[in-house]
Each structure stands twice: as C-alpha cells, then as structure tokens.
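S.K.: Single-letter residue listing:
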Amino acid sequence: MTRRQDLAVCLLLALIATLPTDAGAHIVKGEAIGFVSGFEHPISGFDHIIAMVAVGLWGAQLGAPAIWLLPVTFPLVMAFGGFLGLIGVPLPGSEIAIALSGVCLGAAVLTRFRPPLWVAAVLVGTFGLFHGYAHGHELPPGQNALLYSLGFILATGLLHATGITIGLLQRWHWGQYALRGAGVVVFGGGLYFLWGALA
Amino acid sequence: MKARAAIWIVAALAALAPTVAEAHLVVTGMGPVLDGVTHFGLSPEDYVPVIGLGFYAGLRGPAASRAWLAALPLGWIGGGAVAMAGLALPAVALPAVTAGLYLAIGGLLAANVNLTAAQGAGLAVALGLARGAADLIGVAPGVAHALTLLGMAASVFVVFALAVSITLPMRQLWMIVAARVSGSWLAALGLLFAGWILRFGAAVQ
Numbered sequence: 001m002t003r004r005q006d007l008a009v010c011l012l013l014a015l016i017a018t019l020p021t022d023a024g025a026h027i028v029k030g031e032a033i034g035f036v037s038g039f040e041h042p043i044s045g046f047d048h049i050i051a052m053v054a055v056g057l058w059g060a061q062l063g064a065p066a067i068w069l070l071p072v073t074f075p076l077v078m079a080f081g082g083f084l085g086l087i088g089v090p091l092p093g094s095e096i097a098i099a100l101s102g103v104c105l106g107a108a109v110l111t112r113f114r115p116p117l118w119v120a121a122v123l124v125g126t127f128g129l130f131h132g133y134a135h136g137h138e139l140p141p142g143q144n145a146l147l148y149s150l151g152f153i154l155a156t157g158l159l160h161a162t163g164i165t166i167g168l169l170q171r172w173h174w175g176q177y178a179l180r181g182a183g184v185v186v187f188g189g190g191l192y193f194l195w196g197a198l199a
Numbered sequence: 200m201k202a203r204a205a206i207w208i209v210a211a212l213a214a215l216a217p218t219v220a221e222a223h224l225v226v227t228g229m230g231p232v233l234d235g236v237t238h239f240g241l242s243p244e245d246y247v248p249v250i251g252l253g254f255y256a257g258l259r260g261p262a263a264s265r266a267w268l269a270a271l272p273l274g275w276i277g278g279g280a281v282a283m284a285g286l287a288l289p290a291v292a293l294p295a296v297t298a299g300l301y302l303a304i305g306g307l308l309a310a311n312v313n314l315t316a317a318q319g320a321g322l323a324v325a326l327g328l329a330r331g332a333a334d335l336i337g338v339a340p341g342v343a344h345a346l347t348l349l350g351m352a353a354s355v356f357v358v359f360a361l362a363v364s365i366t367l368p369m370r371q372l373w374m375i376v377a378a379r380v381s382g383s384w385l386a387a388l389g390l391l392f393a394g395w396i397l398r399f400g401a402a403v404q
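Protein chains in written order, with this note's numbering: chain Z, 1 to 199; chain P, 200 to 404.
Simulated from the structure, these hints should not be mistaken for lab results.
Source: prediction; values computed, not measured.
Beta carbons: idealized from backbone N, C-alpha and C, even for Gly.
Be aware that a few hints might be false.
[Said to hold, decoys possible] Per the computed footprint, the stretches of chain P lying under chain Z, defined by three or more beta-carbons under 8 angstroms from a beta-carbon of chain Z, are:
1. 239 to 249
2. 358 to 365
3. 381 to 395
[Said to hold, decoys possible] Counterexamples of contact, computed for chain Z against chain P with all Cβ distances above 12 angstroms:
4. L62
5. P90
6. P92
7. L110
8. V119
9. T162
10. G189
[As the list claims (entries may be wrong)] Listed next, with one range per pair, are the computed distances between beta-carbon atoms:
11. G228/P x R171/Z: 53 to 61 angstroms
12. D6/Z x A284/P: 39 to 47 angstroms
13. V291/P x R171/Z: 49 to 57 angstroms
14. G321/P x A199/Z: 49 to 57 angstroms
15. P340/P x E40/Z: 39 to 47 angstroms
16. N311/P x L158/Z: 19 to 27 angstroms
17. W373/P x D6/Z: 33 to 41 angstroms
18. G321/P x A178/Z: 44 to 52 angstroms
19. V291/P x H173/Z: 56 to 64 angstroms
20. A317/P x Y177/Z: 53 to 61 angstroms
21. P368/P x T165/Z: 18 to 26 angstroms
With the rest of the complex left out, here is chain Z (with noise of 0.2 angstroms):
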C-alpha cells in the first residue's frame, strides 16, 4: 500500500472519528444514543455472540468463497429478519431458531461440515433472518434510525470478522483442532440457550 492510499485511509477515519454520538438529524429530540446502543445491541447477547463468531470460523473452515459469502450473506439476511420485526411481521419460535443456530453452527464447525455452497448459506441465511428478526422486534423506541442501524451492523459485521480472523488458525494443524474446541463451545452454549428456551 503506497503512502497515498495510507493518507486517503487516515482521512477517511478521521471523518469516521466525527460520527456524532450526541446529535439528531434536523429535529433535536434528545435521543441521542443512537450508534452506541445499535452497536451495543448485538453484542449484549452471548446466544447472538457466538452464532455470529461462528459464522465466521465456518466460513474460514470452508475456505473461498464461503468465507466471503456467508458474512456478505448473514448481514443482509439479517437485516431483512430486522425489518420483518420491526414491521410487526409475526415469526414465532424465534428464540427457539436463534438457540438452534448455536448448537447447528457449532456442530458444523466441530465436524468440519463442507455442505454444498448453497446449503450453507441457506443455513445461515436462515438462522440470520431469526436474529435480525430478534433484534428488530426488540428495538427500543425514541432511537435515532440511522445511527443505530450503523452501530448495528457494524457490531454484526465485526463480530463475524473477530469469526474469520480467529478461523485464520486452521492453516496450522494444532489451530485446526482448537477450532474444532471452538466448534465445541459454540455448540455448548447454543444447547444452554436451547434449553432455557424451550423451559
């Protein structure tokens, strides 16, 4: 990367440093968490954490271009399933899917399953469309939109990279079991939320 590209990416953050984390958009309301609770919110639950890091550690196990995508895929997925419960849209046993997401994503990452590329993404868009479905019946009211949609996604899509970078592990023999130990815990926890949603 030449020292251009380098200097076109610092200006480029800086402006990100500008994102306003106290301000609303032509009317002043006073509700101004906006980024900071969007981006709170998919991290403030362990059963949305691991699905999503496990995304990304499958995702790194299938290799190009289910690496790519499936965090491309679970995103927009996603954002639909927000934007069926933030209309009202009925899709009950949403809990019940987000639980199971766990424990078949965790699966798939201890057994090293390699499905068709499209079987994989139908999985995770499915089990995507129950998060985003989750988080969007869930919004708090009096948010700023589009701050808190930014926050939002960007918690997703760095959850699923903390995923992919951790999934990097497997070139190495010893990293290619302790994913598989990963794959475990993924799917421990996704057998704990299962219970207490079905309880």
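Assemble the complex: chain Z is given as a structure, and chain P must be docked to it using the hints.
M.R.: Quick look at chain P alone, frame taken from chain Z:
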C-alpha cells in the same frame, strides 16, 4: 514501516475518540462555506452513502469514477437549490428515498454490478438530489446558505474522490471482496432504515 504503523494506530485511536456533536445547527464561526463542510462531516446519513458510491465507482474503473465525481456534487447542489427554492414534500419522503438509495448503492456494490458510466452518473445525481434537498429543505434562500451548500458539495467531491482512490487500484481478490462486503452492510443499513420508516413514519430521523 514503524512510521506507517504509527499513522495507522493514531488514525484508529482517532476513530475511537467519542465526539459530542450537533448536526444541522452547526455554526462554526468561520463562515458559511466551512459551516457546510462541518455539516457534511457531522452527518453520517450524508457521507456514508457517498463513501459507498465512491467504493463502487472505484471498482467500476477510472472512466466511471470521473463521470460520477462530477455528477454527484452537481446533483447535491441541484437538490439543495431546489430545496431552498421552496420544495415541499411529505416528511417521510426524503428518508424513504434515502433508504432506497442506500439499498440500491449497497446492493450494486455487493454484487459488483457492471453499470455503464451514464447509469452510474444517474444514480450519483439521484443521491445528490435527495441528500442535497434533505440538507437544505426548509432553509431560506440567500447567499450565505448558497455558500453553505457550496461547502457541502466541495466536501462531497473530496470524500468521494478519497473513497474512489481506495478501491480504484485494488487488484487482490480479498481487498475487492472487503469492499463488496461493505456494500452488503450499506444495503443492510438501507433495509433496516426502511423498516424504521414503516414502523415510525415521519418520526424517523
């Protein structure tokens, strides 16, 4: 290498620094042009799609980038001028158009669709018209506000050019994929924003 790493660390720390800002009522005390620049810098609803469109233009090549670079600020000035001339729209109209444009730009970037330079210029003009109007709607016409609009358009030009400069030289697959992933985030943002509008209507900011 150490100097470059230091630049990155300082820039990342700067991005983490919290700011308390009041968009739209910005008076810098440094004149209307810099008021416009500051307004743009404090309005993510303005600069997020500009960056997204810039990434997309960069992936489409230098010819498209040059055409869109001219079209976007001109559209912004046009939208602002129309708004100052007394444009009256339902309160939900501009947020709805904004959500649609986020979805369109993000979707096109994520799929890396091969638009012609003219089609892309049309998209850039549409974004400029919508956001320029949203920024200036309800503002009385006058030289000072026209200069504020000029400051915004200059900022749009610079930020768009910077975004283009990031993706234009990209050759490695993983970098192009990263740019496309940012498109999926932008599309997701548009979808969520549309949901907010349908749920809360004109109360959405």
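S.K.: Each hint needs a verdict: does it hold in this structure or not?
M.R.: Okay, the hints, checked on the actual structure:
Beta-carbon proximity to chain Z at under 8 angstroms applies to 7 residues in the segment 239 to 249 of chain P; the threshold of 3 is reached and the given coverage holds. Using a Cβ-Cβ cut-off of 8 angstroms, 5 residues of the segment 358 to 365 of chain P lie near chain Z, which meets the minimum of three, so the contact claim holds. For the segment 381 to 395 of chain P, the proposed coverage by chain Z is satisfied: 11 residues have a C-beta within less than 8 angstroms of a C-beta in that chain, meeting the threshold of three. No beta-carbon of chain P comes within 12 angstroms of the beta-carbon of L62/Z; the shortest separation is about 14 angstroms.
Listed as outside the interface, P90/Z is consistent with that label: its C-beta sits roughly 14 angstroms from the nearest C-beta of chain P, beyond the 12 angstroms cut-off. Here P92/Z stays apart from chain P, with its beta-carbon at least about 19 angstroms from theirs, past the 12 angstroms limit. With a least CB separation of 26 angstroms from chain P, L110/Z remains clear of the 12 angstroms interface cut-off, as annotated. Every beta carbon of chain P lies more than 12 angstroms from that of V119/Z, the smallest distance being close to 20 angstroms; the non-interface claim holds.
Look at T162/Z: its CB is around 14 angstroms from the nearest CB on chain P, clear of 12 angstroms, so calling it non-interface holds up. Separation of G189/Z from chain P is adequate, the least Cβ-Cβ distance of about 25 angstroms exceeding the 12 angstroms criterion. Judged by the Cβ atoms, the range 53 to 61 angstroms given for G228/P and R171/Z holds: they are separated by roughly 55 angstroms. Our hint of 39 to 47 angstroms for D6/Z and A284/P holds, since their Cβ atoms are close to 43 angstroms apart.
Hint check: V291/P to R171/Z, Cβ distance near 51 angstroms, so the stated range 49 to 57 angstroms holds. Taking 49 to 57 angstroms as the suggested C-beta distance range, the pair G321/P and A199/Z conforms, at roughly 55 angstroms. Checked against the given bound of 39 to 47 angstroms, the beta carbons of P340/P and E40/Z, roughly 42 angstroms apart, stay inside it. For the pair N311/P and L158/Z, the supplied restraint of 19 to 27 angstroms holds, since their beta-carbon distance comes to about 23 angstroms.
At about 18 angstroms, the beta-carbon gap between W373/P and D6/Z misses the expected band of 33 to 41 angstroms. Between G321/P and A178/Z the CB atoms are about 50 angstroms apart, so this pair conforms to the stated range of 44 to 52 angstroms. At roughly 57 angstroms, the beta-carbon separation of V291/P and H173/Z lies within the given 56 to 64 angstroms, and the hint holds. For the hinted restraint 53 to 61 angstroms between A317/P and Y177/Z, the CB-CB distance of approximately 55 angstroms keeps it satisfied.
Between P368/P and T165/Z the beta carbons are some 25 angstroms apart, a value that agrees with the proposed interval 18 to 26 angstroms.
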